[in-house]
Amino acid sequence: MDNNRQGAKASIVALIVFIGLWIALPSTIRRLNKEAFSEFQAPAIQLLSKSRDLARYWELRSRSTEDLVAAGRDLARINATLELKLHAMEDIRKENLRLREMLRYPNSTEYLTVVARVATRDTSTWWQRMLIRKGRNDGIRPGCPVVFGNRVVGRVTTVHLNISEVELVTSPAFRCTAFLEGDDPPRIVHVSGVASNPFTTGRAKVSTTGLGGVFPAGLILGTLEGGVTSTAQGNLKEAYMVPSKNLDTIEEVSVLVPKYPTAGEILMSPTDRIKLEEFK
Amino acid sequence: MKNLFNESPHSTPSDPLSRVRINFLFIFFIAGFIYITAGLAYRQLVQANEIMVQSDNQIKRVVIRPPARGKIYDRHGYTIVDNRVRWSVKADLLSLQPEFRQEYLSLIRKAKSDPTVLKINYDALSEQARLNVLNGWLDKIWFVIDANTDKPKRSKNASKLPLNKEERTVNLLALRKHLTESRALKFTLITDLAFPGSENASDPDEANRTVARFIEQFPQGGPISLESDMVRSYPYSTMAAHVLGYVRDSTDLPPNVDDFTDLNFDNLQKLRYTGKRGAAGIEQTFDPILSGASGWELWTKTSSGYNKELLRSSEPRQGSSINLSLDINIQLAAEEALRTIKDSTGNPLPGAAVMLDVNTGEILAMASQPTFDPNQLVNRISNKYYDEIENQGGWLNRATQGQYAPGSTFKIITAIAAMRNQVIDWDDILECGTSFRVGNRDFPEHGGEAFGSVDVEKMLTISCNVWNYRVGLKLGPDLLAKEARRFGLDAPLLRMPPSLSNPSTTELPYPTNRLVVPDPAYKQRIGAGPWNSGDTANMSIGQGYTLTTPLHMACLAASVARNETRTTPTIIHDPNRDGRHEGATSIGLNKDQLEAIRSGMKRCVEEGTARSMQIEGLTIAAKTGTSEYFKNGEKAHLAWVIGYAPADNPAVAFAVLIEGQLDTSTWGGKTAGPVAKAMLEGWLQENDKD
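Line by line, the protein sequences are chains A and B. Following this note's numbering from start to finish, the first sequence increments by one per residue and tops out at 1336. Following this note's numbering from start to finish, the second sequence increments by one per residue and tops out at 1322.
These aren't lab readings, by the way, just hints derived from the structure by calculation. These numbers were taken from a predicted model, which means no experiment stands behind them. C-beta: ideal position from N, C-alpha, C; glycine also. Each hint should be verified, as a subset may be incorrect.
[What the hints assert, rightly or not] Heads up, incomplete: computed chain A residues facing chain B, CB under 7 angstroms, no partners named: (1) Ala1070; (2) Leu1071; (3) Val1073; (4) Thr1226; (5) Ser1227; (6) Lys1261; (7) Gly1268; (8) Ala1273; (9) Thr1318; (10) Ala1319; (11) Leu1323.
Next comes chain B alone, as it looks inside the complex (with noise of 0.2 angstroms):
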């Protein structure tokens, strides 16, 4: 036969070379075979479960829904923070895939027909049919609500509730997160139907009347559904709206209800409702007490990434509730008393006003002004709410973040410090003329005014300047800054006590960390120079570099009351606490030294700076203060005053302080004298309840 394929004569089989060819590639294949059936055989036999669990997995995922947060109560069981049921309006966005099919179909017939389009962009059409879907569906509702029941040709003016234009129509950004973050959850199209423009809630007929409108007129069972929600509700608005602060949507959501053991938790997808967590005040200190547990929804999910069908779910758990220690009308009589305080052009003056529980330390009203309101930071923050507060300082809480020279009311420790230090006695006078001498300059007396012959119990009555420059200077600034930190003047407070197990290390956040009692050490650390004697001097009245806060002046009276050196306040209610205090020593002071320091004080209200602030039937013991400072490099006034009550059997103890306009015309007891009475007013009624 004639060998067509020109074969070489080495391709025969009976080649031995061919033969090694043959076997090799044989022992080859079958290697092979024997590789993929083992491997077959691992994955069927060995990797069997893993690879079933995989499968599984893909096709599911894990939602996680939040939990209410636990309420806040006042001292007495007064919810201060609640939950209200928040009705959203939700679109099912599985359900909306023929509308949008159709929607789409129909606009790139279109865009065909229309000579004017050279390119059709399919995926902008495809968004654009999805956006045209929702808003007319999104149309539809707003005409159910806004229709008038009895005439519908008055639906024009029927509706009173606030517009908010950006829930009249579907946001495309937001419809596109939601696409690329959460398609498997439904679309929300109006966000709080009870309250559609937040920032302007209407009342509380109006809103009831919106949601009946949907959920009676609505036509029910399509791709739209009434679904509900808790939402944070401050029920006094802006009371204590420093105390309790507010909460900001978070997908970080708290740990959840069950754990997932046998569903292999870690392996699935996570897809999170948005959620609340605390951002200010006891929202954020207390907020792993307050946010509860997380439940979660197993669902299988289709090809395109959307919820399929629900296959076991747990519910969430509602969060712990808390009890404050504040009382809600004393802590209202502060903030009403506060607004009350105006400058020349009839704005609240900024300020803070705080009361203690003597023996305790629980704080029962702490008022910060200018405030606001946490009720309008529920569902989103608005840049115009946020500038405006910002604009007025009204984020900060002046009461624990506000640093202030105390003025005349650091007396009281310099006559304490003076009489421990055997520098004066309590009936030793001195006689004061209007000014005193130190180095160069005249310091003078308040008011140009000569006070003559001047005991600890006369200078406290009439707030005596002159006596405290000398007395100030015979101590030395080491010991007048002794004394102070004795009384924690610039010792952190509100520490977070251990027995709550809270991460937090402190009641409030963030309360201020740059007070100052100073000394030639400071003065020479913060590099203005060496210490001279009119820093003593004006250390002496409270003046100078001393910086401190409104809680720590309260905290100095409630010791002041106790004899005592330290008071531990706290926010939280105890109806146990034992009224012992960290780092509390006694005064110091023989029964004489203190009766002087407590008359001083009680007939200061009598006859003395703090007049304005009697009450009758009670008697006060409280010192009055007015220091200077610069506000935008103009002089202005802080106006102080601290003390207790009722004087003789003491139960709680208070501070105020307002910061003044740009002008000298504040004063310790015209102006926050009036604060402090109010508040003590306010304890006096809640007193006779008890």
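Next comes chain A alone, as it looks inside the complex (with noise of 0.2 angstroms):
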């Protein structure tokens, strides 16, 4: 009876040595802890997104043939299409290139594009994120934007080597800048914030401005939902906005890097004191 209270004593006394050991601990070192923990996981992960495209790739085998021919020949149709929109799309590059040289205009943000398949995803609680199985290893930084297609998905938050952790765009600490279709003249609105100034009403598409220097121009973020309600103080607006793309269902994503890290990167690194520096 004894030596099972002393027992029991010596595990209470163990646990709180090791909380305080834990807490006494320096932030690099419970970092370092974190991110093996996260490398640990991420194989785990991979794997089990790895065997539902398994599971899929066996189910599209099941298929007949005659289903595989004539989705084989629409996607060679899509495929025509496309060739044709990416020769367009080249003309129409470099005629840009050409009048921004012209009118010595600044280089937008240049990026390049990684795709990921999505391993997980958690839309349902509060921190709201994806994760995708691309990481450092693949040039992926924290900050980098997050794209379906043309549509705004969300911007990764941490990188690990393998797997990236994506803040979905449903997200309230997702924080991006737009305007609204219909604003003459454009103003800013600041997604997940309040809105600036009187916009447009109904259902108004809401896309990103590209002056943050992290998202490109154009990509839009969704549709601004029911009414715009002023709040009491008079020429601020709010409004509910409906993301473009359903979360839900994505399998694959498109990671925008910059060709150069941007300042809030610069900063977001442990040692930006020593780059901050460097970059006076």
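Using the supplied hints, reconstruct the complex from the two chains, each of which is provided in its own coordinate frame.
Okay, structure coming up:
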């Protein structure tokens, strides 16, 4: 009986000592520990995601040859259309470059695109995040925009070796500036916060400004739903926005990695002070 | 037993005196105990609520938030004073406490290891630690704002924003003031992120880019946050600046949205954000209407005075809006025209222009030159800008605060007085030479010309001086003064209508109260000696002691247009205004006499001194004036023109005054006429739209 009591006491003491030590540990070691845990967890997440892909693959394998031939034909048609669009886009790009040079207009941020499969997603909880199967090894950096086509999905918050966490556009912590369709002159709207000045009502499209240096201009964030309400203060207005894509069904996303690190990225890195001095 | 303590035999308990003492002590202690118990009971049972409220109040505070001010519209509903969102970057000092502490300890370590430091000043180190940490954050903020998102190496030259050095480092005095007076509130690092150099507002694209960079790139969730509030915005810059006025920082906020009956508000500690109160123009006189109601937040506070937890709050309520009678198109036309009247060095001459609706008295335009940009005064008034405007004399609203001799525009009064008092009739002719002798002095005709036979109509057409000397001397100063007062030339204008229930007594602040319609008693009163006939001659042509404002002269023109003696001007638009004017009666001239006056003013534009303001398709009645005044001891001219249009069916009346430079090159028709013409063209365009 006494032995049991002593054992229980010893366990409690050990727990308290462990908690105390954990609190007393330097933040770097704790961060490293967290990082190690994420890296340890990553293969399991990847394995789960890949097994889902495999299941899907076998599901497709079970389709009839006729179905696959029809799908292949549709795909070839789409490919041909896209090929044409690609040529047209290339012409527009060259024309754009020529005009920019002529007007001595500064180059917009250049991005490298990294396509990534979605590993897991959780849109129901308050953190509203998604894990993707690409990480530091693929050149992804924190703060990069994540898109599906021309629609904003979210923004990379944490990057591990082979997986990255994406904060979704629906998250309360997501911040971005946007313009509203039909707002003349265009005024900045603070998405997930308050909007500035009166704007159009109805189902106006909300798209990125491209001014903040993170998101390219013109990506669609969503559409306004319901009425626009004024705050008691007067000019500020608020409205609900519905995201442009159902985030629960996305299988694959593109991460736009800026060619050069943004100032925000430099600040977020642990050695920001040194780098800040470098750029001064 | 040996008495070790050498006790007195009186100290034995059996001693009756000792018993008395013991009893006394017993009673004393019992009384003391009862007193303490009763006191405790009183506090616990009777004062419990009061004490609980006091204790509660000690850990709570109310933060008062200013409301957004109401908008100001012109008569057609165009917004002429608005509010814009101001994005400020603020630091939460409570969240920064660990950083302050770390920096403080590091500074102490450094000081201790420095052999040159003999005595460590811990207070100074604590202040320095705060400053270092805040400057570190400010560096990061500017790094994000300045950086070029394309290639970081270009960041040095990337920003097109005007550098506001004051907001590149933390101002120590501002930090000290904040810690002393309002440490519970967040400390403002950058007041206006979109326009960091408020003296030179950057272009809107660059302003948007700055805010966007901060929102998208600056790490969030930390002690630094972006907060928005409303600041005054004057979209038309200098337009009607003297009428609209400007606002100034104030912690004297308007009353709160709600009563604090359940919060025992009076006993709570209060902290006020800095708000804005009207400091000039309509912003000042209509401040109670425009300023709305303040909001509040009830916070618990930490022992060191920082806000801890928000318990309750109430949003501020925006102020009511006001519709002014101004018409922005006419106003802009008047101001543009005033700017084009320049002296020999190319600088615009000081002046004022007013246009009224003849029937309602509503002011359609009121311009004063030089002027100022109220946008420059929104965040704070820089000494440089204040001095610049002060040296130009730009703070003065010349339309209501300038005092000027009316010159020949006064001849309308002289003519009316003469006909009403049967000194002369409309068709009587006087022979007018090149001058007229009054006492021992020759009073000259303008231009040295002899106009020959002159009646009322011709006198107004050509602005004959000699006619007025002769008629004025016959009338005498008292009748001239009586007539001028009948038209209200020295009466206070722009009095606040009681229906607006506004504590201010006038619609625009501080209209001049030094108006003069002189008479012999006045001259005696100012100690200038007895009145003489030369004074009467001068008075008859609007010279001498007479002083009035451009607004008064515009009212005179409107009154003549309506055949009434008074016009009540107003700056507030009311579509249901009935057109009755306080104290107005008929001028008292017969049809021919009135026609002579009106026809003379009409011909003044067609063939007389106001030819410069002819407009095709519009008949105008006007009277010019060129009076003399002394500027810095040298003779200069004041150029006047007053009138109304259309001459046959008056709708608008106007008055323009230009202060000439130190020579006599400024003349009523030539100098002031084009400004009146521009205003009338602006009115015509508006009229065509309607």
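Using Cβ atoms only, decide whether threonine 1318/A comes closer than 7 angstroms to chain B, and label the hint accordingly. Because about 6 angstroms separates threonine 1318/A from the closest Cβ in chain B, which is inside the 7 angstroms limit, the hint holds.
Identify whether the interface hint at leucine 1071/A stands, where standing means a beta carbon of chain B within less than 7 angstroms of its own. Interface hint status for leucine 1071/A: violated (27 angstroms vs cutoff 7 angstroms).
Chain B contact restraint on alanine 1319/A - CB to CB distance below 7 angstroms: With a closest approach of 4 angstroms, the alanine 1319/A hint holds.
Answer holds if the nearest beta-carbon of chain B is closer than 7 angstroms to that of threonine 1226/A; otherwise answer violated. violated, 16 angstroms
Are glycine 1268/A and chain B close enough, Cβ to Cβ, to be under 7 angstroms, as the hint says? This hint holds: glycine 1268/A lies near chain B, its Cβ roughly 3 angstroms from the closest one there, short of 7 angstroms.
Taking the closest Cβ pair, is lysine 1261/A under 7 angstroms from chain B? violated, 18 angstroms
Under 7 angstroms is the threshold here; is the Cβ of valine 1073/A close enough to any Cβ of chain B for the hint to stand? violated, 25 angstroms
Under the criterion of a CB-CB separation shorter than 7 angstroms, is alanine 1273/A in contact with chain B as hinted? violated, 10 angstroms
Cut-off 7 angstroms, beta-carbon criterion: hint that leucine 1323/A touches chain B: holds, 6 angstroms
Using 7 angstroms as the Cβ threshold, decide whether alanine 1070/A counts as touching chain B. Violated: closest Cβ of chain B sits about 29 angstroms from alanine 1070/A, beyond 7 angstroms.
Would you check whether serine 1227/A satisfies its interface hint, that is, whether its CB is within less than 7 angstroms of any CB in chain B? violated, 11 angstroms
The structure shown violates the earlier hints numbered 1, 2, 3, 4, 5, 6, 8.
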